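Q: Chain by chain, the residues run as shown.
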Amino acid sequence: MNTATLLLNAKRARYKWSPRQLFADLFAKSWMEPAVPFTVLVVLILFFALTVPYYATLYNAQSLSRSFSEFGLVSIGMGLALMSGGIDLSVGSMFALLDLLALSAFSLWGLPMPVVAVITVAAGAALGAVNGFFIGFLRTRAFLTTLVTLIVYRGIFDLLAVAYSQDIAMSTTDSAAWEWIGNGTALNIPAVVLVLLVLGVIGHVLLSRSRLGWHLIAVGASRRSARHAGISIEKVLFSTYVVSGMCCAVGALFFAARLSSAGSATGDGFAFESLAAVMIGGISIAGGRGSIGRALIGAGIIFILSNGLVQMGFAGQVTTAVNGAILLIAIGVDVKWMKNRGKAIQKSYVNPTYVDFGPLPDTRPDSGSPYAVNDRLSSAEAIGVDQVEGPEDVILDREGRLYAGTRQGWILRFSGENFEHRELFARTGGRPLGLAFDRDDNLIVCVAGMGLYGIKPDRTIFKLTDETNRSWFKLIDDSRLKLTDDLDIAPDGKIYFSEGTTRYDLANWPVDGMEGRGSGRLVCYDPNTDSTRTLVHNIRFCNGICMAHDNQSVLYAETFGMRLMRYWVAGPKKGSTEVVIGNLPGAPDNINRASDGGYWLALVAMRAPVYDVAMRHPGFRMRMIKRLPFDEWLIQGMNNGCIVKLDEHAQPVTSYWDPGGESHATLTSMREDRGYLYLGGLENNRIGRIKLEDADPNWVSSENYWGKRPVAATE
Amino acid sequence: MAAAKELIRDLLSGDSRKHPIPSMDGPLSPNNRLETLQHLDADLDAPCDLCPGDGGSLLVAQDRRIERISPDGSEQPAVIARFEARVSALTRLQDGTLVVAVNGAGMKHIDTDGRVIAEIEAANGAALRSVTAIAEDPKRGGVYFTVGSVHHDAEDWIWDLMECNRAGLLGYWSLEAHSADILATGLAFPSGLVVEDNGSSLLMTESWTHSIARYHLTGGSRPAARDVVVDNMPGYPGHLARAADGGYWLAVFAPRTHLVELILREKAFKREMMRALEPELWIRPALSSTGSHLEPLQMGAMKKLGIRKPWAPPRSYGLVMRLDGNAEVVDSLHSRVDGHNHGITAAREIGDTLYVVSKGNHRILVQSLGRGE
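In order, the protein sequence lines correspond to chains Y and D. Letter by letter, the first sequence follows residues 1 to 715 of my numbering. Letter by letter, the second sequence follows residues 1001 to 1373 of my numbering.
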């Protein structure tokens, strides 16, 4: 192997895997957002464990986790308020007041622990309800309202604390249960941690999987939209603040049991610290974004940091200052992240790779190659000029009526001697692409953006499938079918269909070619079991599908691999794929049967020589994509029409051209029927047809599949 | 490595370099005027430049010859001179003789019957292989001329652009003394030249820097000072000619596109493209586009519903600018992407008619200026 080959192989290997794409996929995941704060938390714990003596001991861990859990509960309350688009500044005051209440109930009134717990939580709900009532029903601003209740509750606490704290401190009431919730453990885990875990899991499920949680997020994200969607904002906000109060109550209960005193500084600074905590955890102050887990991660960071700094001997003022600085950074990052996350994903989404198609086949008119340019399509008869927009595929039924999908999402039907009668056959709601008739004359359609659908002769639409099995080892959930493109139906009713790419939508489909990585799929839907299964993965835009005449294999066009492939569905090679034509002069689109036992293959775009050079320079393509506006990108030669005639072994025989795409640019499909060849184009304003001199004039496409049948009385 | 360089370049340079191509608005707002003009009914294969002849006729430089054409079609076209290579520029002096630039062979001073009076192939040791513009100095009895590049012939301009050369010259050929001087070197393909204000200054276009510069002449052999008067034009400025009422006609022979600007910086890609492919197949500005499937296509130029958008990224374009005395654009004539009159290599006002040479479409377009009445 010489140096040049080595270098080339190194280049191929370098572009085969793309860490950038992994990052893009990762950051598109919502669970990736707390990844950074989580890492910070782990690093902080490790740091203090290594620097502070006796930090990493069971005793210290228990003691820390107790205080942390109380703070964590308060942070959950704050987090919920933020997610609903508001804020709860009164958490600290509520915490103090409820702490005093719990202590009084236990020490002064001598109530048993469970009763104390119920009273405290109920009182927490009541305190939160005050906030909720004002914010939810009277529409006051969350910030001002909770600021007022912060002052009011703190005032009440100060008054009562003066009156009762002495008595509480003197009290000798004791109970095992009270002692356990304060200082007990189960399996070395403090009680409060267990409670936090249970509540956290319940809260997470409620928030992410329940109606109430979704409503909360919806209200936080956009109040107006939530109202338009019929969500009762009043009730959602009211319950949010009630729950916030209850969270404080649970925290306060454990705090009371642990310390058995109500110092005047109780809950001081909690509002500020918990706000910093949830924001650093990644809960947006703008609302609508966050989770329980993020609140706890953020609380962990703030808590570990403050506590660790104290343990290292810094003064309290320093910790406060550090917390303040962290809050400031968190707000800044929040704003920037919110603004730029989508852009960051978008910027790193397209990752061109090294592609070498091989030498470009000769297309010169006098070359004698099957791909030699001619003008056999230039004289095509036009059908429905300016009455049809983008007939990606065309098909004829038994009666010779012509169907085409359009970019408006319609299926149009042309009938009459010269197809002068145009009618709207059906509206699909997506972008209809590939068409095929099944045994019962239902029109089966690949609708891009929706999936595989059928239309009965009486025009009722039914769904066949819109999901396939999710692939393993892929970050992005690719079970949903996005760009279903073309299909064909086997005699046993199985529908083989293609999905162009799982990474781009139809508006951006040429970008998939620019990238050159395959993400398309060949999928099979079995109506007998109503199941969908992916047969072939990682196809560079899987496009046209055609059952071979012997029904032993499926031919599929790999558009941006510039090749035609075969997948064996029966026979000795069942389940394997092979290359049929490896180096086409253009990008193959739909493929259909011809009357002579061969096939027709449309080339939607031609390979310009410089495009081939660009495909060998992924770095250039990357910079082009990043620096230039979409319209300025180099793309495949779409301004051309070319159909290749294949023999029974699917090898090229000759071709039909409309050079320059004068009337049939982006020619995507052709269908032979009764001696004519009908032409469709993804971006065209017409359907074309040419007379085939040596074709069987009695050959009908759907009869070739399903046999002759007396035509049923039409509607 | 290229990415790092790009980053540094982005960090160091201002906005004007990041968004290099200005949009065409104001007096440059696109129109269809060049497309709707009448054209001379003459059999032209590759017209490049023209100048007035005797008796209301036109002298047209095309391919390797100069033809006399009567604009009204009253006389048959007649070849008055043939040369060994393509003619790239010609001008008519006050005494009726012509100075002609021939690719790879310098300049020739000929009379109207094609007899060579004088010729020059080199100046100060530099071969004048691609003279792109000639302008007479009425006072000194000589001509100023520009050489596009010392590396390539004028018709191979695309190589010079792609190599990012700055190898153009400005010179003066004294017809009396039979000697020539080089006045300036290192120019970015100068290709248009006029003498202003009776010989006190020169106005010169530089294609690869998309600019127009003014040289102040003091009578000595060297120009005194150089000012860039127009910078960053949206196309590659070429032929410059005086308008009767002051001001100038500027022929912009090709458009700039973001993709080409990018290619110019992409050295590895550019090198392979130039090595492996014929120039017609490159990503490049061109005088005309064939629409062949082998030519590169840009996303916005994709045909939709049978229509090629006129505002699509152009490969070729037709543009004539009307400049005022300060070289500010005041008006423009366009043939857009969906048109054909592209690749304007000359626009010259003769009498009260503007003749526009569309080399891309092999036509001479005629615009009556109606100033005579």
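Derived from the structure by calculation, the hints contain no laboratory data. A couple of the hints might just be wrong.
Covered, in the sense of this in silico footprint (three residues per stretch, anywhere, with C-beta under 8 Å from a C-beta of chain D), are these stretches of chain Y [unchecked claim]:
1) 42 to 52
2) 628 to 635
3) 675 to 686
Every beta carbon over 12 Å from chain Y, so not counted as near; a handful from chain D, in silico [claimed, not checked]:
4) HIS1039
5) ASP1054
6) PHE1269
7) GLU1280
8) PRO1296
9) GLY1300
This one's a predicted model, so the numbers in the text were calculated from it and none came from an experiment. From the three backbone atoms N, C-alpha and C, an ideal C-beta is built for every residue, glycine too.
Q: At 12 Å, judged by beta carbons, does ASP1054/D keep clear of chain Y as stated?
A: holds, 43 Å
Q: Is the claim that PHE1269/D lies outside the interface with chain Y correct, judged by CB distances over 12 Å?
A: violated, 4 Å
Q: Between the segment 42 to 52 of chain Y and chain D, are there enough contacts, at least three residues with CB-CB distance under 8 Å, for the coverage claim to hold?
A: Answer violated; 0 residues pass the 8 Å Cβ test.
Q: Grab the minimum beta-carbon distance between HIS1039/D and chain Y and tell me whether it stays above 12 Å.
A: At roughly 23 Å from the nearest Cβ of chain Y, HIS1039/D sits farther out than 12 Å, so the non-interface label holds.
Q: Closer than 8 Å, Cβ to Cβ, for at least three residues: run that test on the segment 628 to 635 of chain Y against chain D and report holds or violated.
A: With 8 residues in contact (Cβ-Cβ under 8 Å with chain D), the coverage given for the segment 628 to 635 of chain Y holds.
Q: Would the least Cβ to Cβ distance between GLU1280/D and chain Y come out above 12 Å?
A: violated, 10 Å
Q: Per the coverage rule (Cβ-Cβ under 8 Å, at least three residues), is the segment 675 to 686 of chain Y covered by chain D?
A: Answer holds; 4 residues pass the 8 Å Cβ test.
Q: Over 12 Å from every CB of chain Y: does GLY1300/D meet that, or does the non-interface label fail?
A: It is violated; GLY1300/D is separated from chain Y by about 3 Å at its closest Cβ, not greater than 12 Å.
Q: Check the non-interface label on PRO1296/D: least C-beta distance to chain Y beyond 12 Å or not.
A: violated, 5 Å
Taken one by one, the earlier hints fail for this structure at numbers 1, 6, 7, 8 and 9, listed in ascending order.
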